[in-house]
Amino acid sequence: MAPCSSHLLWNGFFLNIIILSSISCTIGCYTAIFSFGDSLADTGNLVHMPQPGKLPPFVFPPYGETFFNHATGRCSNGRLVIDFIAEYLGLPFVPPYFGGSMKSFKEAGVNFAVAGATALDTAFLQERGIMNKLTNTSLDVQLGLFKQLLPALSSDHKKLLGNSLILLGEIGGNDYNHAFFGGVSTESIQDLVPYVVNIIGQAIKELIELGAITILVPGNLPIGCLPSYLTLFESLNKKEYDHSTGCLEWLNKFSEDHNEQLLAELKQIQKLHPHAKIIYADYYNAVMPLYHSPNQFGFTGGVLRACCGWGGTYNYNSSVECGNPLASVCDDPSLYMNWDGIHYTEAAYKLIFESVIEGSYSFPSFEALCNLDGKYFNHK
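So for the sequence shown, full-length UniProt numbering puts the first residue at 1; every next one is plus one.
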């Protein structure tokens, strides 16, 4: 994520936006949520899509065990950030486009996020030796599905979108994941960042043209703290690690670079569309305190080891993923930050949600835009 100086600039930039905003939110705040992204927001799309090969692991237990009591297609033991946002707004959980119904879409909105999805198109990535074996549902494909569905949702789509919250992301993480795990050089992956940020920016501008006003755009998480990356790039060189967290510093700096470029892009788009409310959700800095002080947040089981996995320093093995009968599962996922080596537990996602919605890690403050004055947190 961006350093503190960038946060101050971003926060200052939006002070006038908050003051000048002419669109007021009520306790209902938004009437629907439209979501685009990857596994951090997928509420069941990939599992309802045709699967040419073996089923993804998150269609099996113990995924979904904590809240839903069964696997739902969410890549966690329970709810995701998008689920907590829906609850906060008083809306039903956002139904996936694949497997959802028109009735449910009109009640809550639509989720187009697909686990494994990339920001960049499959062909663009393949030209650079980056393969995505999970799905070809890139951000552009998701937007295409959205535009096809829009006329059926409302005869006045500008009004519909103006009263809705758009959740755009997190997206882009898989562009880098597929590249890193596929052995692409760090230099080549670094070159992808401007392309990823640009495609996110293009999507935001297209949504604004369609009528969207409030768009929540999360940044990327610190990949150097994820068990999957810590396992792949495990090193005997202690200088590569942050001594206070155990995370790989060079990988976290990569995430910070992506987020800094994304911030700059959002700032430029906001200038072009002053009537819009583009909210940056700082996922990176929302989770770093959890890595620095895990016990303070209840993660006594650990933050660098996966709750569900198999073997090694970080309980992660790409050949024995969570959902595999050979994988072991911790007794209490709420004591762990990481669920399966790549995704977080419901407990961690709830803390991210609270950090972003309370305003500490959203710019401008989401809570201030909704005029809720902490009502959710005082009465939950």
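Incorrect hints may have been included.
[Said to hold, decoys possible] Using C-beta positions, here's what the derived DEER-type ranges look like:
(1) 242 <-> 152: 25 to 35 Å
(2) 129 <-> 319: 38 to 48 Å
(3) 152 <-> 238: 55 to 65 Å
(4) 298 <-> 126: 40 to 50 Å
Calculated directly from the structure, the hints in this document are not laboratory data.
Glycine included, each C-beta is placed from N, C-alpha and C at the ideal position.
Hints versus structure:
1. 242 <-> 152: 25 to 35 Å: Since the Cβ atoms of residue 242 and residue 152 sit about 49 Å apart, the hinted range of 25 to 35 Å is violated.
2. 129 <-> 319: 38 to 48 Å: 22 Å, violated
3. 152 <-> 238: 55 to 65 Å: The hinted range 55 to 65 Å holds for residue 152 and residue 238, with Cβ atoms some 57 Å apart.
4. 298 <-> 126: 40 to 50 Å: 43 Å, holds
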